[in-house]
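Undergrad: Spelled out from the first residue to the last, the chains are:
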Amino acid sequence: MNKTGFERGEVNGIRVHVMPTTRFKTFAVSLYMGTPLAEDTVTPTALIPFILRRGTAKYPETTQFREALENMYGAGFGFDVYKKGDYQMVQFRMDTINDSFVSADESLLKQSISFLGDAVTNPVLENNAFREKYVTAERENVRKRLESVVNDKIRYAAERCIQEMCKDEPYRLNALGQLSDLDQLNGANVYERYQQWLENSTMDLYVVGDTTLDEVLELVSSQFARKTNTLHAYKISIPRSAGAEVKHIVEKMEISQGKLNMGLRTPITYGDNRYASAWVANGILGGFPHSKLFTNVREKESLAYYVGSRFDPYKGITTIQSGIEIQNFDKALNIIKEQLAILQAGEISESEISQTKAMIRNDLLESRDSAYQMIGYDFNGRFADKDRPVEQLLSEVESVTKEQIQTAASVLTLDTIYFLTTEQKEA
Amino acid sequence: MESIRYERLQETLYFETMDNGLQVYVLPKEGFQKTYATFATKYGSVDNHFQVEGQEEVKVPDGIAHFLEHKMFEEPDGVDVFSKFSVKGASANAFTSFEQTVYLFSATEQIEDNLETLLNYVQNPYFTKENVDKEKGIIGQEIQMYQDNADWRVYYGLLEAMYQKNPLRIDIAGTIESISTITKDTLYECYNTFYHPSNMMLFVVGGVDPATVMEQVRSNQKAKDYQPQGAISRFFEEEPVAVGEAWHEVRLPVSEPKCLLGLKEVKNGLTGEALQRRTLTTKLMLDLLLGNSTQLYQTLYDEELISDDFGSDYSSTTEYGYSMMGGDTRDPKLLVKRLQEEINKVVATGFSQDAFDRALRKKIGGYLRMLNSPESIAHEFTRNRFRDSDFFDILPIYESLTVEDVNARLREHMNWDQLAVSVVVSP
Chain A
1 MNKTGFERGE VNGIRVHVMP TTRFKTFAVS LYMGTPLAED TVTPTALIPF
51 ILRRGTAKYP ETTQFREALE NMYGAGFGFD VYKKGDYQMV QFRMDTINDS
101 FVSADESLLK QSISFLGDAV TNPVLENNAF REKYVTAERE NVRKRLESVV
151 NDKIRYAAER CIQEMCKDEP YRLNALGQLS DLDQLNGANV YERYQQWLEN
201 STMDLYVVGD TTLDEVLELV SSQFARKTNT LHAYKISIPR SAGAEVKHIV
251 EKMEISQGKL NMGLRTPITY GDNRYASAWV ANGILGGFPH SKLFTNVREK
301 ESLAYYVGSR FDPYKGITTI QSGIEIQNFD KALNIIKEQL AILQAGEISE
351 SEISQTKAMI RNDLLESRDS AYQMIGYDFN GRFADKDRPV EQLLSEVESV
401 TKEQIQTAAS VLTLDTIYFL TTEQKEA
Chain B
1 MESIRYERLQ ETLYFETMDN GLQVYVLPKE GFQKTYATFA TKYGSVDNHF
51 QVEGQEEVKV PDGIAHFLEH KMFEEPDGVD VFSKFSVKGA SANAFTSFEQ
101 TVYLFSATEQ IEDNLETLLN YVQNPYFTKE NVDKEKGIIG QEIQMYQDNA
151 DWRVYYGLLE AMYQKNPLRI DIAGTIESIS TITKDTLYEC YNTFYHPSNM
201 MLFVVGGVDP ATVMEQVRSN QKAKDYQPQG AISRFFEEEP VAVGEAWHEV
251 RLPVSEPKCL LGLKEVKNGL TGEALQRRTL TTKLMLDLLL GNSTQLYQTL
301 YDEELISDDF GSDYSSTTEY GYSMMGGDTR DPKLLVKRLQ EEINKVVATG
351 FSQDAFDRAL RKKIGGYLRM LNSPESIAHE FTRNRFRDSD FFDILPIYES
401 LTVEDVNARL REHMNWDQLA VSVVVSP
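Residue numbers (full-length UniProt numbering), protein chains in the order written: chain A, 1 to 427; chain B, 1 to 427.
Just to be clear, a hint being listed does not mean it is correct.
[Stated by the list, open to error] Straight line, CA to CA, 25 Å or less: simulated SDA-like cross-link-like pairs of lysine to any residue:
no.	chain 1	residue 1	chain 2	residue 2
1	A	300	B	166
2	B	337	A	137
3	B	136	A	329
4	B	134	A	338
5	A	252	B	151
6	B	29	A	4
7	B	129	A	5
8	B	333	A	140
9	A	144	B	295
10	A	133	B	296
11	B	29	A	5
12	B	134	A	299
13	A	144	B	253
14	B	267	B	166
15	B	283	A	63
16	B	134	B	181
[Said to hold, decoys possible] For each label pair, taking beta carbons as the anchor points, the in silico distance ranges come out as:
no.	chain 1	residue 1	chain 2	residue 2	range
17	A	338	B	79	22 to 30 Å
18	A	63	B	246	26 to 34 Å
19	B	223	A	345	41 to 49 Å
20	A	168	B	415	54 to 62 Å
21	A	252	B	247	25 to 33 Å
22	A	385	B	340	25 to 33 Å
23	B	247	A	350	58 to 66 Å
24	B	133	A	330	22 to 30 Å
25	B	133	A	338	49 to 57 Å
26	A	301	B	375	29 to 37 Å
27	A	310	B	79	25 to 33 Å
28	B	6	A	385	42 to 50 Å
29	B	31	A	248	29 to 37 Å
[To be verified] Interface residues of chain A toward chain B, partial, derived using beta-carbon atoms under 10 Å:
no.	residue
30	76
31	246
32	249
33	257
34	294
35	295
36	299
37	325
38	363
In short, the hints are calculated from the structure, not lab data.
No experiment lies behind these values; they were computed from the predicted model shown.
Glycine included, C-beta positions come from ideal geometry on N, C-alpha and C.
Bound-form chain A, shown alone (with noise of 0.2 Å):
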């Protein structure tokens, strides 16, 4: 046991990393798969998951692979694809009930991780290749999801936004791949793709639950058959600085709220030891409703319903997002710019400081609740290679001090400005 509270081992190239616990009423695991994000296997990487949950060779129909998880008590089966600084990340999940709550014939959790196991390395396939029926239905299911961006303006231009500020970096790329490359897939290409990324992609599993390293290593090891144990380290990518003059991008569709993003870029990332400073430097500015964003956009001048800010620290990237009036636009952008600069100069009261300080104690503290969040918090060290228990978070955050701020905020450096407007520009 260390300080994590994460018990860790490797089987089959897999960093395994268990938490023994008896706190939930459910055993959670967690398998994270990262590969290099890149133009040219993006989409068939994204379109990955989206096959393997059509069926497998030991249930080779739809229907037979999801009543099989209703079976085990409805466990939940899902998977995200989603951008970690320069990596594609494809995460799956499984959440089970302890078996104590039930009355199971087989250990709940020995069943999830051989059916997670099984989904991910054994598809079924024909002619070795995925089955082309799966393909092509959900080749237009990712479809779908790229083309309906547009329907949530919200994070459309968010999307955007960080589209023309990374315009020439393989971030610009949405995770689930582009739409110009679907029509080219099939289930020859694409279980080529499959075999390359299931032996190069970097694997972590995490159980949380009453069980035992010992336990998962064994299990991992039987139903997780994989042709390498080559482990591929996550490499970390130095944060671009911003262009030299800040872009100014305007789109126009029909809508009645606009939306201004912007985008600016922060040498800080995970791994540096000023990543606390510039977490609280980011709460200050927009991360809470105290922030002042939040307190001079909305509440003084009532000219917006949602303002914030974002800090991702794996890209080195800092957003802000807010809804507006259209013709709020100037003033808008003014406020924020301001409050920016106000934050870069220091100009920070004590409450401000201990509010925020106060809020990412809670959110950390907080996390230890959910097995997830843990999962996560712990994936997010071993993502950037640093070490960094909560307990440890908890007092650098602590001991951040108003200087330490000001120089966290002084790094970013506006990058675009993006706004949604409507089509008929109001006078």
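Dock chain B against chain A, hints included.
TA: Frame of chain A; chain B shown alone:
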């Protein structure tokens, strides 16, 4: 203070009714860092016409419950409520639904102080002409923001189509016009009626000691001078059995049309356990009919008429009841036609015992999983209690259901005369 032990769930619930009528429930969760508290009034957007025993009948503007919720965060001392919580490391929030308004916080430390803040700010209104007028700008932005949200529009479109008189058809936030007529006096009138402790409930769950919490609430309430209040009657115009519109269409830019089918319940007026039983039976029935492991789901998925976001739900109170099903689709008319054809086939044969057992297992698993989440417990418990039912009865009710119950419900509910369809399509 009394308590009930739920042996199978390994949970004990403590409760007490204060002298002024406030109901207090405490669910200790051993090993949990977090405490989550909700302070709820049985007062939502539908309560726009009411009378307190011995007083005059009152009609108020649409959106006032939600407006009131926003205004509760304003305090006479000028200190924002969010700051009072955040300085103690708590995150606070509130929401208004059709039937209730809920104020909440979650915190890991200084629980006593935070609980005191929660009780005191909700029981200390401060409305002025200025702060009421200012709020109209913020809520106006919120209303506009939702106007751009296609998921929200298709949902409200369905309620508008099904209900002719019930205030369910009106947006929880009201309209820009209706909120413009709200004054501090109307706010105080609603406040005094519905925020009387006898109409409210406090639920605390997490790492707390029940006796300490009860003692704190007892002395907090004793110090406040509440006079007894008569019963509140709520008036609803009689709702015709028939839906108002069979087809409701809204134009908004979307990548793919959105389509929801609603079936309006013919028989209403159920209360307490009978209502809860019908709700659970119907939800189980919908899962058996439309869940993602069913043949029906797979058929429509293969026809590319539905995707992962396809789902169903059921909602019911004494006044109304409806089910809804749908999601994104390439062809709303075809989806409606195919759903009716496929559902009719199932209605003709009914569900098998096998399918029923599997679906029931899934529901039970889902319920047990919910008990990991303090938030879900607090919300579900309160919602059930306000409807005179008990969240902790759900497991025994599920276990008492038979395949015959569900088949009977299937035949009764799938009555196409009661169908309304709401769609959002691109202009």
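Undergrad: Against each hint, give a clear statement of whether it holds in the structure.
TA: Going down the list of hints, with the structure as the test:
For the proposed pair residue 300/A and residue 166/B, the alpha carbon gap of about 37 Å is over 25 Å, so the pair is violated. Of the supplied pair hints, the one linking residue 337/B and residue 137/A holds, its CA atoms being roughly 21 Å apart against a limit of 25 Å. This hinted pair checks out: residue 136/B and residue 329/A have alpha carbons roughly 20 Å apart, not beyond 25 Å. A distance of roughly 23 Å separates the Cα atoms of residue 134/B and residue 338/A; the hinted pair therefore holds under the 25 Å criterion.
A hinted pair counts as satisfied when its Cα atoms are at most 25 Å apart, and residue 252/A with residue 151/B qualifies at roughly 21 Å. Note on residue 29/B and residue 4/A: the hinted pairing holds, with a Cα-Cα distance of about 22 Å set against a maximum of 25 Å. About 54 Å separates the Cα atoms of residue 129/B and residue 5/A, which puts this hinted pair outside 25 Å; it is violated. Annotation: proposed proximity of residue 333/B to residue 140/A holds, straight-line Cα distance about 20 Å (limit 25 Å).
Straight-line distance between C-alpha atoms of residue 144/A and residue 295/B comes to about 22 Å, which keeps the hinted pair within the 25 Å bound. For the given pair, residue 133/A sits about 18 Å from residue 296/B by alpha-carbon distance, which is consistent with the 25 Å threshold. Between residue 29/B and residue 5/A the alpha-carbon distance is near 20 Å, which keeps this suggested pair within the 25 Å criterion. At most 25 Å may separate the alpha-carbon atoms for a hinted pair to count; residue 134/B and residue 299/A meet this at roughly 9 Å.
Straight-line distance between C-alpha atoms of residue 144/A and residue 253/B comes to about 14 Å, which keeps the hinted pair within the 25 Å bound. Simply put, residue 267/B and residue 166/B have alpha-carbon atoms about 15 Å apart, close enough for the 25 Å limit, and the pair holds. A distance of roughly 20 Å separates the Cα atoms of residue 283/B and residue 63/A; the hinted pair therefore holds under the 25 Å criterion. For the hint linking residue 134/B to residue 181/B, the alpha-carbon distance of about 13 Å falls within 25 Å, and the restraint holds.
Checking the proposed 22 to 30 Å range against residue 338/A and residue 79/B shows it holds: the Cβ atoms sit about 24 Å from each other. Checked against the given bound of 26 to 34 Å, the beta carbons of residue 63/A and residue 246/B, roughly 32 Å apart, stay inside it. One distance hint, 41 to 49 Å for the beta-carbon pair residue 223/B and residue 345/A, holds here, with the actual separation near 45 Å. The hinted range of 54 to 62 Å is satisfied by residue 168/A and residue 415/B, whose Cβ atoms lie roughly 59 Å apart.
About 31 Å separates the C-beta atoms of residue 252/A and residue 247/B, a value consistent with the hinted range of 25 to 33 Å. Taking 25 to 33 Å as the suggested C-beta distance range, the pair residue 385/A and residue 340/B does not conform, at roughly 56 Å. In this structure the hint that residue 247/B and residue 350/A lie 58 to 66 Å apart at CB holds, the actual value being about 60 Å. One distance hint, 22 to 30 Å for the beta-carbon pair residue 133/B and residue 330/A, holds here, with the actual separation near 24 Å.
Range check, residue 133/B to residue 338/A: about 25 Å between beta-carbon atoms, so the 49 to 57 Å window is missed. Restraint check, residue 301/A to residue 375/B: a C-beta distance of roughly 32 Å satisfies the suggested window 29 to 37 Å. The hint said 25 to 33 Å for the Cβ distance between residue 310/A and residue 79/B, and at roughly 27 Å that hint holds. Checking the proposed 42 to 50 Å range against residue 6/B and residue 385/A shows it holds: the Cβ atoms sit about 45 Å from each other.
Here the CB-CB span from residue 31/B to residue 248/A is close to 52 Å, at odds with the stated 29 to 37 Å. Because the closest C-beta pair between residue 76/A and chain B is about 7 Å apart, less than 10 Å, the hint holds. Interface hint status for residue 246/A: violated, as the beta-carbon distance to the closest one in chain B is roughly 26 Å, over 10 Å. Annotation: residue 249/A was flagged as interfacial toward chain B, and the flag is violated, the nearest CB pair being 19 Å apart, outside 10 Å.
Given hint, residue 257/A at the interface with chain B, holds; its Cβ is 5 Å from that chain's nearest Cβ, closer than 10 Å. Contact between residue 294/A and chain B, as hinted, is supported at the beta carbon level, the nearest pair being about 8 Å apart and thus within 10 Å. The criterion of a C-beta within 10 Å of any C-beta in chain B is met by residue 295/A, whose closest approach is roughly 8 Å, and the hint holds. Below 10 Å, beta-carbon pairs count as interface contacts, and residue 299/A has one with chain B at about 7 Å; its hint therefore holds.
Interface hint status for residue 325/A: upheld, as the beta-carbon distance to the closest one in chain B is roughly 7 Å, under 10 Å. Among the interface hints, the one on residue 363/A holds; its C-beta lies about 8 Å from the nearest C-beta in chain B, closer than the 10 Å criterion.
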